[in-house]
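Number of protein chains: 4
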Amino acid sequence: MIPVAVIGASGYTGLELVKILSQHPEFELVYLATSEGGATLQELHPALEKVVSMPVEKADAAAVAQVAEIAFLALPHKTAMGFAAELLERGVKVVDLSADYRLRLDTYEAHYCPHIDRGHLEEAVYGLPEFYREKIRKSRLVANPGCYPTASLLGLLPFVPHLMPDAPIFIDAKSGVSGAGKKLSETTHYVTINENIFAYNPVSHRHAPEIAEKIDDLYVTQREVLFVPHLIPVTRGMLCSLYMQLENEVDPIEVLSDLYADEPFVRIRTEPVDIKSVAGTNFCDIYAKASGRSLFISSAIDNLLRGASSQAVVNANILCGFDETLGIPKYAYVP
Amino acid sequence: MIPVAVIGASGYTGLELVKILSQHPEFELVYLATSEGGATLQELHPALEKVVSMPVEKADAAAVAQVAEIAFLALPHKTAMGFAAELLERGVKVVDLSADYRLRLDTYEAHYCPHIDRGHLEEAVYGLPEFYREKIRKSRLVANPGCYPTASLLGLLPFVPHLMPDAPIFIDAKSGVSGAGKKLSETTHYVTINENIFAYNPVSHRHAPEIAEKIDDLYVTQREVLFVPHLIPVTRGMLCSLYMQLENEVDPIEVLSDLYADEPFVRIRTEPVDIKSVAGTNFCDIYAKASGRSLFISSAIDNLLRGASSQAVVNANILCGFDETLGIPKYAYVP
Amino acid sequence: MIPVAVIGASGYTGLELVKILSQHPEFELVYLATSEGGATLQELHPALEKVVSMPVEKADAAAVAQVAEIAFLALPHKTAMGFAAELLERGVKVVDLSADYRLRLDTYEAHYCPHIDRGHLEEAVYGLPEFYREKIRKSRLVANPGCYPTASLLGLLPFVPHLMPDAPIFIDAKSGVSGAGKKLSETTHYVTINENIFAYNPVSHRHAPEIAEKIDDLYVTQREVLFVPHLIPVTRGMLCSLYMQLENEVDPIEVLSDLYADEPFVRIRTEPVDIKSVAGTNFCDIYAKASGRSLFISSAIDNLLRGASSQAVVNANILCGFDETLGIPKYAYVP
Amino acid sequence: MIPVAVIGASGYTGLELVKILSQHPEFELVYLATSEGGATLQELHPALEKVVSMPVEKADAAAVAQVAEIAFLALPHKTAMGFAAELLERGVKVVDLSADYRLRLDTYEAHYCPHIDRGHLEEAVYGLPEFYREKIRKSRLVANPGCYPTASLLGLLPFVPHLMPDAPIFIDAKSGVSGAGKKLSETTHYVTINENIFAYNPVSHRHAPEIAEKIDDLYVTQREVLFVPHLIPVTRGMLCSLYMQLENEVDPIEVLSDLYADEPFVRIRTEPVDIKSVAGTNFCDIYAKASGRSLFISSAIDNLLRGASSQAVVNANILCGFDETLGIPKYAYVP
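Read top to bottom, the protein sequences are chains A, B, C and D. According to our numbering, the first sequence is numbered sequentially starting from 1. According to our numbering, the second sequence is numbered sequentially starting from 1. According to our numbering, the third sequence is numbered sequentially starting from 1. According to our numbering, the fourth sequence is numbered sequentially starting from 1.
The shape of chain A in the complex, shown without the other chains:
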């Protein structure tokens, strides 16, 4: 068993990491920490009583390095890169769930803050397994993708070679409230979002450059991405509806199948996808339909799993040379 650590155990993605890793056949969760320390696991997550029992430390890189070979960082951006640098220097491999290593330096600094670990940024690999599998295998620092980019990129990347060059890609994304994290805000107050739906940060959300950059990275082509996220009254799950213009008519199901037929965690659907069929799993379900040269793609994931924690463990599986499906949730919460 490979000993692993989770830093950032108090939030939703931290909880999901604990749930997956404590059941994993090849990873042994040996170290758990929050930035502050001082709370037991049962206080942080009462649902784990009689399920998982282990101490929660105040995060400390040296202590991690003594016991763990891989660390999962479920920390806010900026905090994450400080910690990652220390871990890497001590020989611990890192799967970082924050935004800190996902972007090129200039893109990152334009949308987040000054980067304080430029050295490692260059070697970081983007952890979208279907497209970066080989690079992940050889890396020691994986930048786990954001939830919106995961769902969007898996839906649109197969079609990039077929798109009209100058037409924008429109992404209408709908996220469950858990995507906003545990922090209290007017937006996540039950009375605000129940029986409601609204766009937020339209056109200017910082996941848009993450999507555009990966298109460029993989296909060496620049596309305008107009990204509009919406908050919807569900706890869990994300649906991305993508609208594009094709250069030539294609059979979209065939395009998807060419890329994904053998992928263990992508399912091509012939009926529009829904989030209930993926909530609780690492699957990305994709549906596509064209009308002439206009293309509609619908892509669904669990925002906390495929959009964060289970994808992180898939990346760790790859990193370690394991079968990438090992210990990864596949059974949806349905009904």
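Bear in mind the hints are in silico, worked out from the structure with no lab data behind them. Some clues are possibly wrong.
Where chains are identical, the list cannot tell them apart; a pair therefore holds if satisfied intra-copy or between any two copies.
Claimed, not checked - Only pairs whose alpha carbons sit at most 20 Å apart, straight line, appear in this in silico DMTMM-like list of lysine to aspartate or glutamate:
#1 50 - 254
#2 50 - 130
#3 50 - 258
#4 78 - 60
#5 135 - 122
#6 138 - 123
#7 78 - 122
#8 50 - 323
#9 330 - 130
#10 330 - 262
#11 289 - 271
#12 93 - 122
Since chain A is already given, all that's left is putting chains B, C and D on it; use the hints.
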């Protein structure tokens, strides 16, 4: 007081008509019917006990004509046109909430069924007050718009003159479950749609031609409309997110203001709109933001009111020469 | 028209007061304030744009007294009594929605804080119209009941004479989240309460003594009340399930009818009540069923209307000698 | 591995059985059937694509007997007993999730229908492991408890010796909508139950005699049980609030601990329980608080797991002499 009738009292839009008309200062609700008859108003709508009390008839055109000057038809399409023809011939004005008089003959027959009242179809006026007010005033047969076209058209029509000619208009619509009516179906089963969201009839929903046709009707220009409706886990309300390409950069708030500043039932918002602020009212709230020549518009209505019953009463107000805000709900259900 | 003021305009009950009073045929809303001032009505409640437009002051008793005859206080307890005292001394009648004047001095101080307006406490009348109508008519200070006591008392009071003397009254109450107010808390975070239900403050909620005291006040008898509130994943509405033991078998519907048949805002139901039929209204719907000498009563109200704001306006109607149904919402939000 | 069959694969409990058994370390799911046959597993449950793949038969007892040693019956009552009889005669052990073997003959026939398998009824063991573990171990026919009785009995049984003899036990139960099954009904229509809550079959639900009979069975004492189920707007989970009168004051947490401290699937909580902490698991979380001699107990389970499918597999574990926690879900779906 002008005596009015509601035919089709058992469904959600029928209930909303009863609620509005029984409080209206100039209309007197004198006749209420369902296709089948045989149930009291309290059986159909227990919430109306101690509020509204009147008999529910089995629908009969001759009986309507004896007591009412205007009839609101909240019937399924096809049933509606049979009934409307009989009423018009007896001198009763009709506000029809079905699809039967909304479209040109060929469009209608391509998407619904053979039309059995072609004579009146030609004189029907499309009941979107902001764009057809003068024609409504002179008509005796108003085709009340569908909920999706109402929200979509109010959002996009102001921009039609500014659009790139060949680019499609993408409409990502999200509707509450009441839009699917009272009929039981797997889709509207609580367990199916709670904590879920999915597209249905993507690209081929029959509200798309209704939208395209009105663009053509008002601007004599043909546009490709790619319309994808989604079902969301809310009872009431609709949000339409529209994605378009502009020919030139414009200030979208200015474009909206030019058309709507004085409209009593359109509100231009500087923050993204939500459905809670319009649920319970006849308002259409609109937000718009451009990024270069890409345009995002968000438009919110109450699907049963602005998308059906309250807009129908606005049309009747106009038909009768009343102030069109008379008796129309403006107070949202918030919180 | 009688000029009235609302102090505490920013919360949910303040919003409902504005909605009701701005449409009321005999009250004119002339003064609106919050504790802090400094925000426009549209900022506080964007849904009121193009509906109600008036300034929001920083609350000042002298200013109220200059323009209004009646003031509605939608303030936190303790703040309310300070303000009420000042208003009463200046000749303004007060309908107080807080807890400050609902209880006897000792009960209040045991469950809230030291009382700072004992002088007026003695003359305050409990604003449950069905049982205190005559006293309200003659008063100048009405203590509007809490939402839980309103639903509970209307359900159980008719049965007090029939109860087994020593058996406790068990109240299992379920409240929508708006009852917890606008303040952010972990409990009202969407992710916490969506798809969830739980009891809070079981057995020791401070609405229990309010209920017990009114039983004593009306029937001169002391009863043990075991009150357990639950939070449920709905925005609006409250259902109270009451469990009691009868001394003798009675026909519960008959008992209810004897008291309530002519009440405009109580509906006796022969099927179990639900909150959707009352949400948006001042109705209290009541159902009862006995099994031998065990009695189950189910009582439903809108927590913000019958449980707060619309009942407050009913009390003001009574105070002014108006028909108590004047301007009071009766149309439920259904569907 | 012991070969097992699931009969009744199309419903929610059938789906949960497939999910648990296909991951179980000692059971091999070899036979899957519905009453009608003719649909693939992916058609019945699209979420299982790329997860579980096996044929779905038309249910046939002889075919089951050829391949399986244990059969789980997730069939409607009446259908179940016909099938169970055939299986038992062929030497297949049965865990029946229907009501058919839960009750004494007279109780069953009074609340359901004439019993057609009286022979086996006598030997059936009630599958509540905490109280019938030893009998289950030796049986070949386990009657899996209903969801309401499971949550209610686990909460109240420890207190039976301490109850006032003549006072009724009041049970206010709240169930998620999945408890009503997949069948379409007005009650389970999203628009009906969303933003709503109501009692149904109050006082006369047929789970009440199941509860009363087990109290009698275990403590040889008869108690009046007043049972009122409510439907709540959540998909999954159940909370039972129990109200009782004690003969003497007791420390309720101590009473619970005496019985349950070492139970793997009961958690005694010091804060009121919620359904989110148990949804997705076989846990029953229990909280209790007394006020003098009045007692409140709150008990939470996942209605489809502890209330049906996972408890069924626990029973099969016991039947086979396995550790009863083998393959049983313990990780809640939170957040």
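Evaluation of the provided hints:
In this assembly of identical chains, residue 50 and residue 254 lie within 20 Å of each other by CA distance solely across copies; the values are 18 Å between and 48 Å within a copy. Taking the shortest Cα distances, residue 50 and residue 130 sit within 20 Å of each other only across copies (16 Å), while inside one copy they are farther apart (36 Å). Taking the shortest Cα distances, residue 50 and residue 258 sit within 20 Å of each other only across copies (17 Å), while inside one copy they are farther apart (45 Å). In the homo-oligomer, the alpha carbons of residue 78 and residue 60 lie at most 20 Å apart inside one protomer (16 Å), although the nearest pairing across protomers, at 47 Å, exceeds that limit.
For the identical chains of this complex, residue 135 and residue 122 are intra-copy neighbours only, at 13 Å inside a copy versus 65 Å across copies, given an alpha-carbon limit of 20 Å. In this homomeric assembly, residue 138 and residue 123 come within 20 Å of each other (Cα to Cα) only inside a single copy, at 10 Å, whereas the closest approach across copies is 62 Å. Taking the shortest Cα distances, residue 78 and residue 122 sit within 20 Å of each other inside one copy (16 Å), while across copies they are farther apart (60 Å). Taking the shortest Cα distances, residue 50 and residue 323 sit within 20 Å of each other only across copies (16 Å), while inside one copy they are farther apart (30 Å).
Only within a single protomer do residue 330 and residue 130 lie at most 20 Å apart by alpha-carbon distance; the minimum there is 17 Å, versus 31 Å between protomers. Taking the shortest alpha-carbon separations for residue 330 and residue 262, only the intra-copy value of 16 Å comes in at or below 20 Å, while the best inter-copy value is 31 Å. In this assembly of identical chains, the alpha carbons of residue 289 and residue 271 lie at most 20 Å apart only when taken from the same copy (10 Å versus 32 Å across copies). For a Cα distance limit of 20 Å, the shortest separation of residue 93 from residue 122 inside one copy, 15 Å, qualifies, whereas the shortest one across copies, 62 Å, does not.
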